[in-house]
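Spelled out from the first residue to the last, the chains are:
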Amino acid sequence: MDPKMDSGFLLPNETLEDSYNVLAPILPEEVIGIMDQLLCYEMAWHTGYPLSQTLFTSVYIDKLLWPEPKTVEEAQFYRGDLPAGRRPGVLLEVLRAYCLALVKCCDFVIAKITGRDYFEEEDFCTHTYNRVLFVQVPLDVFLRELDAAVERMEDTDLEMSSSLRKAIISRLDFRRDFLRALDLDCPLEHLSNYWPPILSNLTSIFTTQQLGKTVPGSFSTKIQRRLASTVPPRPIVELEFKDAFEKLKQLCIDCEEATRFTSLEPDPLEYQSFLLVFASRAPTPLPYSRSYLATLLFHPQILNATSSLPLTDVRTLVLPCSTILSPANWSFSPPRNPLLPKPPRLQLALLVDEFIERTGQPYLDFWTALGQNTCRLRRMLTHVIGGWDQLQTDASIVDADLMRVVTEMGMRDEVMDSPLTVWVYQKKLWMIEKCVLLGFEQDIYLPDEYGGMYHFLSLISGRRKVVLEAISAHFVTRARQLQHADQLPEAADVEDGAQHIASLISEADGVSSLGAALASFYTVLLYLKVLPRPARPFSSQELRFELRMKPFLALQPPEVPPFKDWLDKVQPYGPYELPSPSFLADVQNADSQLWSNMDANIKRAKEAFSAVMKIGATNAKCGGVKEAWARDVKGVLASCVALGIAVAGVRSRVARSGGGIKMEVEMGVQGLGIGIEIPLMGTAKRYAEGWVVAKVVKG
Amino acid sequence: MSESNHAPLNADALQYVQYDGDKEESYLPAIRQLISKDLSEPYSIYVYRYFLYQWGDLCYMAYDSSSTLIGVVVCKLEPHRSGTFRGYIAMLAVQEAHRGKGIATKLVCMAIDAMKARDADEIVLETEVTNTASLKLYERLGFMRSKRLHRYYLNGNTAFRLVLYLKPGTASKSPSGDMMGGGYGNMGPETAARGDGVMTDARSSP
Ligand SMILES: CC(C)(COP(=O)(O)OP(=O)(O)OC[C@H]1O[C@@H](n2cnc3c(N)ncnc32)[C@H](O)[C@@H]1OP(=O)(O)O)[C@@H](O)C(=O)NCCC(=O)NCCS
Numbered sequence: 000m001d002p003k004m005d006s007g008f009l010l011p012n013e014t015l016e017d018s019y020n021v022l023a024p025i026l027p028e029e030v031i032g033i034m035d036q037l038l039c040y041e042m043a044w045h046t047g048y049p050l051s052q053t054l055f056t057s058v059y060i061d062k063l064l065w066p067e068p069k070t071v072e073e074a075q076f077y078r079g080d081l082p083a084g085r086r087p088g089v090l091l092e093v094l095r096a097y098c099l100a101l102v103k104c105c106d107f108v109i110a111k112i113t114g115r116d117y118f119e120e121e122d123f124c125t126h127t128y129n130r131v132l133f134v135q136v137p138l139d140v141f142l143r144e145l146d147a148a149v150e151r152m153e154d155t156d157l158e159m160s161s162s163l164r165k166a167i168i169s170r171l172d173f174r175r176d177f178l179r180a181l182d183l184d185c186p187l188e189h190l191s192n193y194w195p196p197i198l199s200n201l202t203s204i205f206t207t208q209q210l211g212k213t214v215p216g217s218f219s220t221k222i223q224r225r226l227a228s229t230v231p232p233r234p235i236v237e238l239e240f241k242d243a244f245e246k247l248k249q250l251c252i253d254c255e256e257a258t259r260f261t262s263l264e265p266d267p268l269e270y271q272s273f274l275l276v277f278a279s280r281a282p283t284p285l286p287y288s289r290s291y292l293a294t295l296l297f298h299p300q301i302l303n304a305t306s307s308l309p310l311t312d313v314r315t316l317v318l319p320c321s322t323i324l325s326p327a328n329w330s331f332s333p334p335r336n337p338l339l340p341k342p343p344r345l346q347l348a349l350l351v352d353e354f355i356e357r358t359g360q361p362y363l364d365f366w367t368a369l370g371q372n373t374c375r376l377r378r379m380l381t382h383v384i385g386g387w388d389q390l391q392t393d394a395s396i397v398d399a400d401l402m403r404v405v406t407e408m409g410m411r412d413e414v415m416d417s418p419l420t421v422w423v424y425q426k427k428l429w430m431i432e433k434c435v436l437l438g439f440e441q442d443i444y445l446p447d448e449y450g451g452m453y454h455f456l457s458l459i460s461g462r463r464k465v466v467l468e469a470i471s472a473h474f475v476t477r478a479r480q481l482q483h484a485d486q487l488p489e490a491a492d493v494e495d496g497a498q499h500i501a502s503l504i505s506e507a508d509g510v511s512s513l514g515a516a517l518a519s520f521y522t523v524l525l526y527l528k529v530l531p532r533p534a535r536p537f538s539s540q541e542l543r544f545e546l547r548m549k550p551f552l553a554l555q556p557p558e559v560p561p562f563k564d565w566l567d568k569v570q571p572y573g574p575y576e577l578p579s580p581s582f583l584a585d586v587q588n589a590d591s592q593l594w595s596n597m598d599a600n601i602k603r604a605k606e607a608f609s610a611v612m613k614i615g616a617t618n619a620k621c622g623g624v625k626e627a628w629a630r631d632v633k634g635v636l637a638s639c640v641a642l643g644i645a646v647a648g649v650r651s652r653v654a655r656s657g658g659g660i661k662m663e664v665e666m667g668v669q670g671l672g673i674g675i676e677i678p679l680m681g682t683a684k685r686y687a688e689g690w691v692v693a694k695v696v697k698g
Numbered sequence: 000m001s002e003s004n005h006a007p008l009n010a011d012a013l014q015y016v017q018y019d020g021d022k023e024e025s026y027l028p029a030i031r032q033l034i035s036k037d038l039s040e041p042y043s044i045y046v047y048r049y050f051l052y053q054w055g056d057l058c059y060m061a062y063d064s065s066s067t068l069i070g071v072v073v074c075k076l077e078p079h080r081s082g083t084f085r086g087y088i089a090m091l092a093v094q095e096a097h098r099g100k101g102i103a104t105k106l107v108c109m110a111i112d113a114m115k116a117r118d119a120d121e122i123v124l125e126t127e128v129t130n131t132a133s134l135k136l137y138e139r140l141g142f143m144r145s146k147r148l149h150r151y152y153l154n155g156n157t158a159f160r161l162v163l164y165l166k167p168g169t170a171s172k173s174p175s176g177d178m179m180g181g182g183y184g185n186m187g188p189e190t191a192a193r194g195d196g197v198m199t200d201a202r203s204s205p
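Line order of the protein sequences matches chains A and B. Taking numbering that gives the first Met the number 0, the leading residue of the first sequence gets 0, the next gets one more, and so forth. Taking numbering that gives the first Met the number 0, the leading residue of the second sequence gets 0, the next gets one more, and so forth.
These are calculated hints, taken from the structure and not from any lab test. One should not assume that every hint holds.
Claimed, not checked - So the derived list for chain B, only partly shown, Cβ under 7 Å to chain A, looks like this:
(1) Tyr62
(2) Ser66
(3) Ile111
(4) Met143
In this text, all values refer to a predicted model and were calculated from it rather than measured experimentally. All residues carry an ideal CB built from backbone N, CA and C; glycine is no exception.
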């Protein structure tokens, strides 16, 4: 018998039922011990383990929930009538109130998480094994139970030390506040009031934890056998109190942060920034917190706050102050006679409506992805990009119609070429960049792939920059037209809007330049043989390129570069083992194009990101997350500096090598006497998670 | 970096054998024992049988001179819903005392060769992000990390999906006919990942 596999078997003399007596009187210390243990299991459940291995191992909770009680009154640690003398004492009643509220908390949590996109098992287990977690019972019933329990605890007839009394009361208080905050019906306006009281009470729970006394018998794996499930019983998940406590604290902090969402400018681009910053919080937010935020995002009050999110987005990016989006267009009614042509403005409104409706799903998919854990975000984005690629094709059809109508109206020069296509394309390119950057963040790429992937990133952001420059030119034209027409406030609006485009251009420029600099730096390191390069007998560079480009192969545009072109870029001097002689000449010459391009790109990246910083958070549409935004921009700037240092380190080392360099390079790390340290993810050694800058050390 | 810079002599003194269903009685218990020692996730006998009944010829074992099983690799190979003919390395283990001698490398190479010979487009597997030995072994052979899978294992650990393309054009293959996967909703890579095992519990975790 394999005890790991056959955990369902009973050992000799083992009984199926637990012998623990839930009606036996317990000490105040034990109440604390049990409550804290329950908290540990509750948090273990929050991190993704099933109830069967966590909370449902509690004999007390089991008794409350099974056999299924018809009413809350029936949910006791016993069923039916008990003789007066055997009724549970005050402390058991207090524990019961706590447990009831805890179960209701679980009910709220499951409802919140299942109400949004989540992934069973990966994120969270919603299985309740046919136990009903008081779904139908309203919140106030539990609040009353908790209040009554606090009253019982405050009764001076109840003899116990004041520290124990306080410790138990603070746990009941916590449970009440927590339950309230988890309530599904909290009004949006007051959301931010719910979390701070919990956080301020947490310390008192933490500091009194040592008063508790554990009651191991009150938890049992045996209960799993009675839960409807196909998997064999698995061990109880033990999360230490201090870890559980940290998780709880993190959950409260994250949820409190999420409530700030409700006070953001009603602007989809601000929402997007907020979601991205939230997803990359460290430690990564628990599934509940992510669902909490997603619920806010999809709350009707938020979704209906602006006209339509995609429409606002389109206006901001490509149609500033445009007749195409003029509200008046929507006030025309079709001619009575369907054979007569529709008024042009009505045609515009219909075309825009058609496009916005077409945008709905891809737009929603994008937002859904932003609400996932970052591993999944990266994977989902690759699919979302495919959806946007199709959207782009459809956008071009609508664009053609729009152009026809505005030409008829004699307003062709007020509109940029193919605005909707441009809008989709810009976003799609951004998503591709994000995918690659997330790949770096998650250590998907190995060091010898860095050069190629940063090159690809640079290529894509370079494309985005070109697109944005066309948009920017349009903003300039549009502002001038409005000035000439004496529509000065409108002209000023367009000029304001141009600031956002300017921020995007600088950012794309920065990404492209830093990407290019890193690509060439890592390429040099490969030729110098100081980066590890696995032998890979079963693979080829072309196959690996295909694998890396897989998510993007079907896109048009941007077309993935042909392998040969890509190879020319990442192997400019031929094979790494056998570079052409010009490599040694270039690498030793501090003034060669090889080095001066690298320097120029680093300089340019620095200037670009400094410009982003200067244009500011609000213009970047990151006004709601300005601190995090500023930290990120500074991080990238620091990466530029670090790269400058690394480049200088390698260059000066190679320059000193003189005529012996050929041999030194043959010998790799030992030959050159330099080593390369790659800062891994999560080690806090990167200035920006997506920008991996190797450190040059003595080898 | 050379592929066999670790005492190859030692590794070669061993006997490498292909699994043989006729000898299940002698092979299977030893395989189970070897693997269950290293993997935290329980595998039922059905998981082993699932692989060995259908793809016994993709299972290779290493025996020492006293006929003790010291290493094993278990795989499968079948059409995947992405349209590729996909190999999957389900389990790999080498007895602790014999690690670092290239035994696992040799076993995996044999499995790859066998799958190649049977026209596989690609080979995939999952391994914990912290399993340095396993990552190093596969990456040296040519596998690439394609995905990070948050909380992939039942013990809550995160995994990398590793992929090795064997043929050009693999990335562009598309599902044919009824293998067409659903929309984007159920396209989550975890379905792909977990779809690789018969049951969700079939995950190779050390
Ligand atoms: C993974 C495992 C099969 C490797 O077996 P092995 O026979 O030792 O492997 P090899 O000797 O062929 O190669 C392993 C490589 O990893 C290296 N390695 C081993 N342990 C390592 C460690 N802790 N850190 C870094 N590298 C390590 C070895 O040195 C060798 O690389 P090298 O040749 O460049 O030195 C073995 O460790 C094992 O059974 N582990 C438990 C089960 C498991 O993890 N299975 C894989 C998950 S599916």
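Violations among the numbered hints, reported as their numbers in ascending order: 1 and 2
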